[in-house]
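Participant: Protein chains in written order, with the working numbering: chain A, 1 to 330; chain B, 331 to 424; chain C, 425 to 677.
Worth flagging that the hints you see were computed from the coordinates, not collected in a lab.
Certain hints may be false.
[Stated by the list, open to error] Computed cross-link-like contacts, DSS-like style, restricted to lysine-lysine with a CA-CA straight-line distance of at most 25 Å: (1) C:K491 / A:K187; (2) A:K14 / A:K35; (3) A:K243 / A:K270; (4) B:K366 / A:K322; (5) A:K231 / B:K397; (6) A:K172 / A:K35.
[Unchecked claim] If you anchor each label on the Cβ, the simulated ranges turn out as follows: (7) C:R427 / A:F176: 40 to 46 Å; (8) A:E330 / C:S600: 21 to 27 Å; (9) C:D501 / A:G106: 56 to 62 Å; (10) B:E385 / A:A197: 51 to 57 Å; (11) A:N204 / C:H657: 34 to 40 Å; (12) C:R427 / B:R351: 51 to 57 Å.
Just so you know, even glycine gets a beta-carbon here, dropped at the ideal spot from N, CA and C.
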Amino acid sequence: MYAQMVRSTGTGLKSADEMSAKERAFQARIDAGEKIEPKDWMPEGYRKTLIRQIGQHAHSEIVGQLPEGNWITRAPTLERKAILLAKVQDEAGHGLYLYCAAETLGVSRDEMTEMLLDGRMKYSSIFNYPTLTWADMGAVGWLVDGAAIMNQVPLQRTSFGPYSRAMIRVCKEESFHQRQGFDIMMKMAQGNAQQKAMAQDALNRFWYPALMMFGPSDKDSVHSAQSMAWKIKMNTNDELRQKFVDQTVPQAEYLGLTVPDENLTWNEEKGGYDFSEPDWEEFFEVIKGNGPCNTDRLAARNKAWDDGAWVREGMMAHAEKKRARKMAAE
Amino acid sequence: MKTEWPLWEIFIRGQHGLSHRHVGSLHAPDAEMAIKNARDVYTRRNEGVSIWVVEAAQITASSPSDKGPMYEPSESKVYRHPSFYDIPEDVGAM
Amino acid sequence: MSRDAAFYEFLLRMGDNTLILGHRVSEWCGHAPVLEEDIALANTALDLIGQTQMWLGLAAEVQGEGKSADDLAFLRDAWDFRNLLLVEMPNGDFGQTLMRQFLFDAWHVLQLRALTGSSDERVAAIAAKAVKEATYHLERSAETVVGLGDGTAESHARMQAALDYLYPYVGEMFLSDAVDAALVEAGIAPDPASLRADYDETLARVLGEATLTLPEARRARGGGRDGKMHTEHLGHLLTTMQWMQRAYPGATW
Chain A
1 MYAQMVRSTG
11 TGLKSADEMS
21 AKERAFQARI
31 DAGEKIEPKD
41 WMPEGYRKTL
51 IRQIGQHAHS
61 EIVGQLPEGN
71 WITRAPTLER
81 KAILLAKVQD
91 EAGHGLYLYC
101 AAETLGVSRD
111 EMTEMLLDGR
121 MKYSSIFNYP
131 TLTWADMGAV
141 GWLVDGAAIM
151 NQVPLQRTSF
161 GPYSRAMIRV
171 CKEESFHQRQ
181 GFDIMMKMAQ
191 GNAQQKAMAQ
201 DALNRFWYPA
211 LMMFGPSDKD
221 SVHSAQSMAW
231 KIKMNTNDEL
241 RQKFVDQTVP
251 QAEYLGLTVP
261 DENLTWNEEK
271 GGYDFSEPDW
281 EEFFEVIKGN
291 GPCNTDRLAA
301 RNKAWDDGAW
311 VREGMMAHAE
321 KKRARKMAAE
Chain B
331 MKTEWPLWEI
341 FIRGQHGLSH
351 RHVGSLHAPD
361 AEMAIKNARD
371 VYTRRNEGVS
381 IWVVEAAQIT
391 ASSPSDKGPM
401 YEPSESKVYR
411 HPSFYDIPED
421 VGAM
Chain C
425 MSRDAAFYEF
435 LLRMGDNTLI
445 LGHRVSEWCG
455 HAPVLEEDIA
465 LANTALDLIG
475 QTQMWLGLAA
485 EVQGEGKSAD
495 DLAFLRDAWD
505 FRNLLLVEMP
515 NGDFGQTLMR
525 QFLFDAWHVL
535 QLRALTGSSD
545 ERVAAIAAKA
555 VKEATYHLER
565 SAETVVGLGD
575 GTAESHARMQ
585 AALDYLYPYV
595 GEMFLSDAVD
605 AALVEAGIAP
615 DPASLRADYD
625 ETLARVLGEA
635 TLTLPEARRA
645 RGGGRDGKMH
655 TEHLGHLLTT
665 MQWMQRAYPG
675 ATW
């Protein structure tokens, strides 16, 4: 799952003259395709931007467990239950890998978690939309994971070593996620009238939120030039969105479903589809906390954290007792 | 009370005969739980036959600024590599 | 009772235990106290769902009415279920979930170990696969019970409360009836009572390390494995689990 960057505190792109010698050498390493490792010198802006981006990405995985987790207990067959559970479990794993990557930059997982819980850090807007029917498990896998993969594949080449390695592992594991979603959609699209209607309804609700996952239009996206120079961001938002639409529309046609966009037309000249922009006002409202599920999602994360405190403390207390007993025995 | 579980680095032997390889990290209260967590987190796809865990704080790493003195001297020792020697093909496999 | 009828009952008992417990454990996904535990619980649930597919698959085969494991899981009514009451008990807090898991795992391992020597090859094969999974479940749940029992004052109190709440349901594991008699006779499964001594030994060892006290034995609360009287909790679980299959009869997913 992917977190679109909506705020950035990094400064604008510096020219070579404005950079210090250290910054110039750092940029030269990135330009040469070298990976930056945690103990290497790095500009403070690079470190901060990475913590925010990897943190948002990790939070998105964890919050992203909720809309799909919502259907694990209602999955229609044993096999579907197992597949969905394995998939949502993978999201937890991906969150874990990403938190660990961010931790190499000197911020702990607990610190990041607290920033998520009190709203200082964000997660992807898509997870503030509800999953209302089983077809949403199909739509989320197909569209949301499809959009996420489009972002994550290039991030395997990102300049920060731990992030790049986490993304390689994530991409390898995610390869079944989109397929299982499309598989659900296929079954429903070939099913009875109720199932078809459910599938179309899910596409209608998730289409524009999926397009929003790539973040605001390039012309409104702040500081992406610096992130691209640092190879923290590999493609522009609009490039990826176009690629996603071009790939997804034929898949919808294959399913016999209608993409909910009257303006959708093939543009021979650019070799891609023309399509309607999502409602960016809605997007910024959701980011601000006013989406359909923001309150519930954060409440669920807060509850898990608060209810789990005694467990984390208890296990740690036992480990310390054990260590003390071992020391005493030696 | 600060109760964050320590960070552990996880090394997994993927197949019999191979070395353990660093696969990532995780949190656990102690070494025994770190091994169990590693089993649950890092071998979900049948990736391992053996696990090592090391508390991250216990690892001593070389400093990146020493990269020159640490590693470049070995670059000139070309005679350590088999490709340094020209052996005629007639000699056969060597 | 005919041998096939008893065999079918037995397979439901095995499959319903893993089905209902797997379902319960899966309810945690996304809500556990720490990511590592979230992932571990999902692994346990996945193992149990996998075992369910095998046990109920075989049950459907033995039943011989052309049904599938899914039909048995999603289209039977509460009184048809043959799981132990213990596994349908609600999750409660994380401690109650792990205590329930430990109390079940300790029995499950013994039962599966015995079943690897079953006279029925299909049962022995399922048990051989499942016993490896269950052995790991037990290691993990036991270690967590010890960690939390011997942790802070609060974690100790919560674990003791969980044990007090769940222990009355343990006795059902060792009750015998005509089904068991027929299975013992056929060499398919062990006499439940024969597992009790080893079970008590595991409990004494782990709960001792956990500094927890076994409550005084009360009358075993039964009614699950023979279907005579489930708890009220099962109906709610089934309402959720079976909803799709009930709401859209005959649809394929």
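Participant: Which of the stated hints cannot be reconciled with the structure, identified by number in ascending sequence?
Facilitator: Per hint list: single violation, 8.
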